[in-house]
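S.K.: Now for the letters of each chain:
There are 2 protein chains.
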Amino acid sequence: MDRPSGCAPLLVIGSVALDSVSTPFGEATDMLGGSAVYFALAASLFVPVSIVGVVGTDFRDSHLALLRSKGVDLQGLQRVPGLTFRWGGKYGYDLNQRETLFTELNVFEQFKPTLPECYRDTPFLFLGNIDPDLQGFVLDQLRAPVIVAGDTMNFWIEGKRESLMSVVSRLDVLMLNDSEARLLTGEPNLVRAARQVLSRGPKSVVIKKGEHGAMMLLPEGCFFAPPFPLELVVDPTGAGDTFAGGFMGYLAGCDVVGEAELRRAVMYGSVVASFSVEDLGVRRLAALTREEVEGRAMEFGKMTILDLPRGREIPLETT
Amino acid sequence: MDRPSGCAPLLVIGSVALDSVSTPFGEATDMLGGSAVYFALAASLFVPVSIVGVVGTDFRDSHLALLRSKGVDLQGLQRVPGLTFRWGGKYGYDLNQRETLFTELNVFEQFKPTLPECYRDTPFLFLGNIDPDLQGFVLDQLRAPVIVAGDTMNFWIEGKRESLMSVVSRLDVLMLNDSEARLLTGEPNLVRAARQVLSRGPKSVVIKKGEHGAMMLLPEGCFFAPPFPLELVVDPTGAGDTFAGGFMGYLAGCDVVGEAELRRAVMYGSVVASFSVEDLGVRRLAALTREEVEGRAMEFGKMTILDLPRGREIPLETT
Chain A
1 MDRPSGCAPL
11 LVIGSVALDS
21 VSTPFGEATD
31 MLGGSAVYFA
41 LAASLFVPVS
51 IVGVVGTDFR
61 DSHLALLRSK
71 GVDLQGLQRV
81 PGLTFRWGGK
91 YGYDLNQRET
101 LFTELNVFEQ
111 FKPTLPECYR
121 DTPFLFLGNI
131 DPDLQGFVLD
141 QLRAPVIVAG
151 DTMNFWIEGK
161 RESLMSVVSR
171 LDVLMLNDSE
181 ARLLTGEPNL
191 VRAARQVLSR
201 GPKSVVIKKG
211 EHGAMMLLPE
221 GCFFAPPFPL
231 ELVVDPTGAG
241 DTFAGGFMGY
251 LAGCDVVGEA
261 ELRRAVMYGS
271 VVASFSVEDL
281 GVRRLAALTR
291 EEVEGRAMEF
301 GKMTILDLPR
311 GREIPLETT
Chain B
1001 MDRPSGCAPL
1011 LVIGSVALDS
1021 VSTPFGEATD
1031 MLGGSAVYFA
1041 LAASLFVPVS
1051 IVGVVGTDFR
1061 DSHLALLRSK
1071 GVDLQGLQRV
1081 PGLTFRWGGK
1091 YGYDLNQRET
1101 LFTELNVFEQ
1111 FKPTLPECYR
1121 DTPFLFLGNI
1131 DPDLQGFVLD
1141 QLRAPVIVAG
1151 DTMNFWIEGK
1161 RESLMSVVSR
1171 LDVLMLNDSE
1181 ARLLTGEPNL
1191 VRAARQVLSR
1201 GPKSVVIKKG
1211 EHGAMMLLPE
1221 GCFFAPPFPL
1231 ELVVDPTGAG
1241 DTFAGGFMGY
1251 LAGCDVVGEA
1261 ELRRAVMYGS
1271 VVASFSVEDL
1281 GVRRLAALTR
1291 EEVEGRAMEF
1301 GKMTILDLPR
1311 GREIPLETT
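Chains as they are written, first to last, in the working numbering: chain A, 1 to 319; chain B, 1001 to 1319.
Treat the hints with caution; some may be incorrect.
[As the list claims (entries may be wrong)] Taking lysine-lysine pairs in the DSSO-like style, the calculated list, with each CA pair at most 30 Å apart, reads:
1) Lys1112/B / Lys1070/B
2) Lys302/A / Lys1209/B
3) Lys302/A / Lys203/A
4) Lys1160/B / Lys1302/B
5) Lys1070/B / Lys209/A
6) Lys1090/B / Lys1209/B
7) Lys70/A / Lys112/A
8) Lys160/A / Lys209/A
9) Lys302/A / Lys1090/B
10) Lys112/A / Lys160/A
11) Lys1209/B / Lys90/A
12) Lys90/A / Lys70/A
13) Lys209/A / Lys1090/B
14) Lys1203/B / Lys302/A
15) Lys112/A / Lys203/A
16) Lys1160/B / Lys209/A
17) Lys1090/B / Lys1203/B
18) Lys209/A / Lys90/A
19) Lys1160/B / Lys1112/B
20) Lys1302/B / Lys203/A
21) Lys1070/B / Lys1160/B
22) Lys1160/B / Lys1209/B
23) Lys1160/B / Lys1203/B
24) Lys90/A / Lys160/A
Simulated from the structure, these hints should not be mistaken for laboratory data.
Could you build the full structure based on these sequences and the hints that come with them?
M.R.: Quick look at the structure:
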């Protein structure tokens, strides 16, 4: 992977935001958030990562300092006059249902980034959930990406389907949640929906099912990652972006990318996301260490193992 | 396991019914059904199984003949004057939502079985979803059961909680679906709900999550079985009972029961249930072979494996 030394192997384009979140377990206003931020904090556990995004003059230096302290390259993060993108959401006790209270695009509305020259040879690219035309515009600027993954949302599936499908056809990995997969294909069965997506070009599709785990479909195989058995979920905001960050961060640290690496990437994505939801906003992610990730990854691997030594333990008494 | 030779190692008590089911993919009236029937057909793929239940004079000989042809012992199946238990249900395209059209208890209403003497030494017992007082009454008649598993439903959780908890405390394995687990404990988080159930006596709890797989919690561990990636689900009726039948059938064929066996039992339960839902009623189960089960079990095992040889395949081109 020929790239200028000092340039991060992984690039994310997405929102950098100030989030206001209310959950039954706590609430906070104008927290550091946005898809590119969750992604970068997760990915930086594995490799250095660059962010392409935009913030306003109200964005705090302490937020920039936090990202830099994690090895995040901010050359591609523009700071322009105006207010930072803001999002507000509210969760009830069923954390699967959330209500968006407001979305203020602000400086994001006019965002059309030209990549810094040294970013154009980045091998791993993640196209966060933004206008598919903008996703394509960024992808066009990369000279020879090795793995390109992308995300989207209902808003673009419904409003810009043609542009979206054109980007989708150029992806190595498309990430969707279950409702997006159904909406994109009109197919209620998730396996058939995923196969239909594969037929449109991506080499793999990852379906994030939140508290039900994640499924990856390749042309020749299927991998299933269970949900990590969490006893407390505080704030699911950013879980999908965190998953993507763990997934791409792990891959960007691999010498080759085959099915084995993709499976482990899904597992690492799930593990990092399982930490992220344990506290409000990016709090848990900001304090997370690679050691903690590896510890939970080990437990994770044990959760689905079928070939334990037979009869090693007898938890059920034979009265 | 001292038992009279010729007596099945596994006993199920539950409903034997005539089901009328309507789905977007087909419908049928007065089909062979009931929890004990789905259970027995699934379990008989592994070991001989005995049914304790009751039918009316309208129950067809061909149904009895089908069960006998699968090695099901019917000494404990009473045939009494009156009509057989009938259930009618309807599914829409979202097969997770079903509408019960009618439930006619008929001969089941007065059912209070005294077990045939040779059943009283059966080592493996499954208490299907019936009145918990009746579950206790049957359990009392077994001299020295090795593994007792049980099922229940919202109706008993809401209406006979005290009786139910008394039976639950005597179980080795309690099987619940996710909504039952939440209702029983008042705890929305499934992991905490499962732990709370464990504290009430059962040595393990299996939470069936339908299209999202199954989770087993032991005091010292957690196992997760993914859903089998089905492209067509025709009729989910009896899937939970089929799961239980595959689970207990597999265990009843093991020499010892430890965590390894319990994990495999969850896997076999999931596999057999994945076949059952592919056709109306018990059609698919009635034709299912052990070879087919083992074939899908093999695929099932591959779905969660993390330690594929690294870089063996490169499905994603490195351009």
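S.K.: Does each hint fit the structure? Answer for all of them.
M.R.: Structure-based check of all given hints:
no.	hint	verdict
1	Lys1112/B / Lys1070/B	holds (26 Å)
2	Lys302/A / Lys1209/B	holds (20 Å)
3	Lys302/A / Lys203/A	holds (28 Å)
4	Lys1160/B / Lys1302/B	violated (42 Å)
5	Lys1070/B / Lys209/A	violated (38 Å)
6	Lys1090/B / Lys1209/B	holds (20 Å)
7	Lys70/A / Lys112/A	holds (26 Å)
8	Lys160/A / Lys209/A	holds (24 Å)
9	Lys302/A / Lys1090/B	violated (39 Å)
10	Lys112/A / Lys160/A	holds (17 Å)
11	Lys1209/B / Lys90/A	holds (26 Å)
12	Lys90/A / Lys70/A	holds (28 Å)
13	Lys209/A / Lys1090/B	holds (26 Å)
14	Lys1203/B / Lys302/A	holds (20 Å)
15	Lys112/A / Lys203/A	holds (27 Å)
16	Lys1160/B / Lys209/A	violated (35 Å)
17	Lys1090/B / Lys1203/B	violated (35 Å)
18	Lys209/A / Lys90/A	holds (20 Å)
19	Lys1160/B / Lys1112/B	holds (17 Å)
20	Lys1302/B / Lys203/A	holds (20 Å)
21	Lys1070/B / Lys1160/B	violated (35 Å)
22	Lys1160/B / Lys1209/B	holds (24 Å)
23	Lys1160/B / Lys1203/B	holds (22 Å)
24	Lys90/A / Lys160/A	holds (27 Å)
The earlier numbered hints that this structure contradicts are 4, 5, 9, 16, 17, 21.
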